[in-house]
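Chains as they are written, first to last, in my numbering: chain A, 1 to 513; chain B, 1 to 612; chain C, 1 to 105; chain D, 1 to 532.
Think of the hints as simulated: they come from the structure by calculation, not from any bench.
Do not take every clue at face value.
[As the list claims (entries may be wrong)] For lysine-lysine, the following DSS-like pairs were computed, each having C-alpha atoms within a straight-line distance of at most 25 angstroms:
1. B/K522 x B/K455
2. D/K376 x B/K165
3. D/K443 x D/K506
4. B/K522 x B/K376
5. B/K376 x B/K523
6. B/K376 x B/K115
7. D/K506 x B/K115
8. B/K115 x B/K80
9. D/K447 x B/K165
10. D/K443 x B/K165
11. B/K455 x B/K376
12. B/K455 x B/K115
[Stated by the list, open to error] Heads up, incomplete: computed chain A residues facing chain C, CB under 10 angstroms, no partners named:
13. A136
14. P151
15. I175
16. L183
17. A186
18. G188
19. S197
20. D203
21. L220
22. R314
Each residue gets a CB set at the ideal place from its N, CA and C atoms; glycine is no exception.
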Amino acid sequence: MSTQELFAILPLLLLSAGIVILLLQVSFWRGHRSALATTLITLLLAAGSCFWVGATLSGGVSSVQATGLLLVDHTALFFCLLLLLTATAVSIMGYSYLRLRCNPERNPGSYPEEFYILLLLAMLGTTTLVCASHFATFFLGLELISLALYPMLGFAVTGDLSPAREQAQSLESAIKYLLLSALSTALGLFGIALVYSAGGALDFSGIAALMPELAQTSALFATGITLFLISVAFKLSLVPFHIWTPDVYQGAPTPTTALIATVSKGAVIGFLLRFFNTLDLYGSPVLINLLSIAAIASMLVGNLLALMQTNIKRLLAYSSIAHIGYLVVAFIIGKSTFGTEAVIYYLVAYIITTLGAFAVVGLVADSVEDRILKGEYPESPPSDADNPYHRDFYRGLLWRSPWLASCLAAMLLSLAGIPLTIGFIGKFYIFTAGVEGQLWVLLAAVVIGSALGLFYYLRLLLTMVQRDPTLTAESTGSVQIAVSGQWLLVVLTAILLLFGIFPQLLINWINAL
Amino acid sequence: MQGLLAWVPLLPLIGFLILVGIPLFYRREPPESVITVIGVGSVGIAALFTAVATAAVFWQTPSGVVNIALWQWMQLGELKLGINFHVDWLTLVMLMIVTGVGFLIHLYSAGYMRKDPDFRRYFAYLNLFIFAMLTLVMADNLVLLYLGWEGVGLCSYLLIGFWYKDPVNGTAACKAFIVTRIGDTAMAIGLFLLFYEFSTLNIPELINAAGDPGADREIITIATLLLLGGAVGKSAQLPLQTWLPDAMAGPTPVSALIHAATMVTAGVYLIARMHPLYTLSETAMTAVAIVGALTLLLAGFSAIAQSDIKRVLAYSTISQIGYMFLALGVGAWSGAIFHLMTHAFFKALLFLSAGSVILSLHHEQNIFRMGGLYRKIPFTFLCFTIGCASLAALPLTSGFYSKDQILLRAWEFHQGFNSLWLAGVLGALITGIYTFRVLFLVFAGSEGAASRHCKDANTPAMTIPLAILAILALLGGLLTPPLQAVFGTTAERHPAAWVEGVAIAMPLIGLGVAWQLYRREKKTGEQRSRVTQFWFSGWGFDWLYDHLLVRPFNMLARLNHNDMIDALYKGTAAFSRQLNTLLSASQNGQVRWYLATFAAGSILFLALLVAL
Amino acid sequence: MPIETAPGLEAGILLASTLFCLGLAGLMMRRNVIFMLMCVEICTNAAALMFVVAGAHWGNADGQVMFIFVVTLAAAEVAIALALVLQFYHRKHTVDIDQLNDLRG
Amino acid sequence: MTLMAIIILLFAGGILAWLSERYLQRGGHWIGLVSLLLASLLLASYWPYLGAAQVIGSGPWWDSVQINWIPRFGISFHLAIDGLGFLMLALTMAMGIFGLVMTWNDIHFRRGFFYFNYLWTLAGVVGVFTAMDLFLFFFFWEVMLVPMLFLIAVWGYEQRLFAAIKFFIFTQASSLLMLIAIVALAYLHYGNSGQLTFNYNDLLDAQLAPSTAYWLMLGFFVAFIVKLPALPFHPWLPDAHTQAPTAGSILLAAILLKTGAYGLLRFNLPLFPESSAAFAPVAMSIGAVSVIYGAMLAFAQSDMKRLVAYSSVSHMGFVLLGLYALNTIAMQGAVMQMIAHGLSTAALFALVGALQHRLHTRDMTQLGGVWAILPKLSAIALFFAVASLGLPGLGNFVAEFTVLVGSFRSSHWIAVLAATGLIGAALYALIMMQRGFFGALNKRLQKLSPQAPIADLNLRESCALLSLAALLVLLGLRPQPVFDIASPTVARSLAHIETARAQYAKDQGIGTRFTSQEQTWAKPHPKESESP
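Next comes chain A alone, as it looks inside the complex (with noise of 0.2 angstroms):
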């Protein structure tokens, strides 16, 4: 291996080195602020890393080959980044979130500094999926990302101040993830097997030398890399293995929420790219008949599925299953730079306004947390208006917390695909893909999708603006959130903004890839 090689995984190894810190850092003085800057400071560190790799990329050489299982690019890079980037946003609502359940102080039995661990180890195993270039890696990666998720999601078990229902529901949330991942990544394990057999070879461009013959002939070729495509559309919940979503989205800790909507996708959007374009998989129309399919039923049954859904957990749940479904548009049209250029411009759009619509719904309900613990709050709601996860919550809330309020109103208009967001211009980059690919059937699915999901989301926005005298959640007055929190919300609804307005801003970004 290397210096070149080395200096390549360079985000790899200082989160490697991060996570290792951290750990000693833990075991010899205990701290939630310290376990955070030492999480802050490491991500950062990786983020900013990825640019400098990135500058001594920009010679001839495009792409650095470390060992036969990692392929930094630069395309790489930027999904590195964004999902360093995501994280730390995680991390800060993290912080605000364990701030009150796991608090040392109160429960000596309570470690919040795990989360940071678990969070840096789920970061080493993305940037390992988005740089993967071998099945191993691949298989590595994402192992590293479900392991850490799992303990992740069922964290409320271990701070106990948390309301026992959010307990019992984190902890189901674990369970269920963990059969069904289990379950999906043997099936997938199984897919890269039989692939394995039929060709002999593990690392892509192997695979891809053989590929001409392979896609022809092979009927255990094709077995394979289907059963390998249904893991990955398990992870990214599109339908029909869509099915955990909704549950494990509710039950987990808002945080962790975030992230398996945001990091845990958006790697497996990294790593489908490349795995895609190295074998060339767009060729075969069997697979893209497959993923038009499950991108079509995605954004339907998302869609209805999130119809006439209170719970605003599982109503972000199954719109991230819709918006999957719509980003799989932009993915089908293949190879062409452009294709890749609306997914990646797509999926930074789902990132952002996914981060801050569960950092809000999060914020939100820490701050009940909050008044729960000061005494000032039911520990169990005495109706759906008290409960912070129900849509009632939120009726009038733009009077009670106008800032907050108009955050999450822009994220839901992003999430609606309305101009002034970036939401808007990843719903044009889809339509413009989709219209390039002249993929009319998908299109229709689009819009009946959006038409649908604008009922949903106008419904939870115009409950917010509602002025009913019968106010119940008026006497619990306005929504007092973290600072850190505002920071957070501001900077995200910054973003989502100067995005939607000045896209080229990011598209110029893209393009350099």
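Keeping the supplied structure of chain A fixed, place chains B, C and D upon it in accordance with the hints.
Structure of chains B, C and D alone, referenced to chain A:
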């Protein structure tokens, strides 16, 4: 002098604007005298201007035409329309009727409507009406004519429903407007067709273009029939006559002005104005004549059976306009206009006298509750009698001259005996019957139930117009308007003397029949046989339309109250909700079910892999 | 490079597939979480077996390497899973997976 | 730059109004009014172009501004104004001010935010009327919806939430079709010319295969007739209009509906001349059926506001009919109808709003005899009711008449069908007067009135309404200036159609397909002479 004519329609408009605008400047309602001065004065000056213009310009040159171009209205491609007036003798006759009779009726109204809380509104409407009517008759293009046409319709609507608190009045007003609107729509389509064919809507140009031998006769026929549609609506002819009897709900001077003297005759004016087109179409002429003949008979019979004094007059108006249509249909253009003029005189007189009667009897309108009034209100009696004589066309009254002309022309037009002439003669008989029946019932014999409380309500403002109109009704026959320039001259031929004799005899026979009828009805009181009941209801047209059009439409509207197309979308929404429920059921929280769906999904995909 | 499948490979695929299906069936049918975890292990191991067979077929070590990865993963997974099951048992005093349906709708 | 300034002014005014909410109890109105007046002043700076539209300037545009925005897609921030745009902007400003003045004291809840939404809606509309980049057009098309959504949802009546969502979903779903069409158009143009652009002027030259053009045209068409609205996409309108606050209804009726008609005239016809010509009979039929169906539904309503709303469907049917008659007279009539309908319907909504404000009901079964207690209001209502039924001498008549005259040339039977809508208009307008204002005073109102005498229209309201009335009269008697201003735009749209027809005729040998529309009844008609 042209400027003077332009002021004729503007003055009532100014009067209207002042009357309407008063609340903008004054908080309180101005006194009636002020309103009277503005409302009556504006029309009076207009009448004066008309007279001056007539004397100055037209008296010497009967063929003179004055064109007044005010401003360009619209110019779109070939559609060039101006707010331009075209005044010839036909217009002038109408102008004199509208301003002259209009002024008299305005004056009368000042007395009749005194102490009405909405005095100002009343005169505003009246002035607006005069303006619209003047625009109608002065327009040099059909669209401007249509403007006046609709304008008078609106005023008619407003004035019928003037006493808005009684919903019956409102219903009558709506009926009047909507029924005439049906005709108007036909007329509008006629306009479209004319423009389509001739690329102009300017009346003189249109007439020129239609005169071209290459003009498509078929289109002219259709267009003239469509215009006839407008005319029958406005002039309450078959089959759109049903609104006029109900329109009597308005104040009586309004009935005199709008529903007798001026507006309802607009249809006659329209056809007379467009007569070169009608002469080109045999079918259209026949249609006009038949409409007129049928209407005059039907309405005449209905008039015999009425018991409300105003409804008698209303049916008589329909019938008389039927005469005019008959005249138009047989090419007696100037006869029609002549009858229009005399009719304006005597019918206005009749209505105004009836108004006096009604006011004297404290708003009693049932003729069976009247009787013996000749002693109590002799002046009114005198006027009414003159009116009746003229209406029945007793010799030497104005009505005689005009009607005689029509009957003769009908005889001539078809070279001898024909059904149109017969209808006219029969109509003359019926006219005699219903006219004198009402005269006897109201004024003759013993006092009726309402007559006892009779108190002469005439004021000078009312008697003066009555007197003038009475004179006109008597002597108006001498004022033959010089319309040859407009309609051309027709060779005077005198048919056999017996034809004239029949025309003279008929009203007299009618008088006799009426006396018999009066004797019988005086005994029986208000009773109707099955036939007269049928006549009373206006030959069942109301019933027919109600069942044929109004009720189905209302039912349709009620059925579709919630918009069936919306149901489509509601259905989609409901369907989506159903799907949501269905899909939500799949999210049942059971891990093993989830695993099963995962497995099923995988199998599905593998199956698809094989299938695709 | 031998594209056509040797008889040994076919048999291996058959065996591994059967194993996988057995695991899957068990996963769906058992309600005890512990047994479900064991079934998942069967599935995972079916995949691992497949790697070994394929590795043997192609005569390279990649398959064996993957096998080791898989086993490691399985171990880690089970460790976490058991911890979660323990918590589950603590709270519900049962390991019946059907009791775990608070989240739905 | 003036155009930019207008938009920025309105956006900034909106933000200012919102921010002022905290400090000034009644600041919103004034900020709104001042921004609108300033914007109107800016707009008035175009007056030199009015008289001599054809003389001054090179090219059709009076003024334009173009700034690169998203070069990746050849999208620029491109605004321009011509006669039609000017008319629409003038209508926007006038109605904006009218709505503001009419509802000066109506809003009590979160005034600042109300005026924020109000001004942003107007800003979006101004953008729609001036955008010359299809992407930018779509952008503004959507931007104007969101504040409107809030106006309905926050300050609306009983069923505001439902109505707001319905409104939004209808327009948004249809506009997505338009987005697809826009993108497809740009890409097809890109394929032909190698230049990716969304610029309107460039796309006018796009060469499209007929079948493709037809589909794209449909995409635009659906989006526009949803907004118009025409059958069968109208059901959002009665709900939205009825539930919106008075100011919102005024904006919706007077301005937002016009964006659909504007889009048809500005984009649909010139961009897809050939397929539009082929589609014209269908579109005209839709228009005519809308006229009648809208009138019938209006007649069936007992909610006065709903009645007025359905009457909009009927009136806008004339616009559709006129635009697709594809001749100068009818299209000019359609433009006139856009303006006249804006004025008359806005006034009617304002009046219903004023009525509801005073009597707390707009249900006509609860009204009746209002003339006795509110004579001024009723008299003005009468005026606008008769305007709405198309009384000659008022703007609506000029519009409907020219539309019908023009469309009669294209298709006799469709025009005749639409003409029967005149009867329908009389029905609903009179039934409204009859049930609402005439008749005996309703028992409920009798109880209401003695305790507290109900104030009739005050000076502010009277003046606002009377100025609209005066405008309508002016339009009715002197419509020529409006026709003159709009004529270059209309002529240009028509020129595209004519070129396409000529092209088609050339391709087909002797073209009979398009001319055949004109000779259903009688002899072939001499072609209209166009002077663009």
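### Query
Hint by hint, which ones does the structure fall short of?
Those not satisfied are hints 3, 7 and 8.
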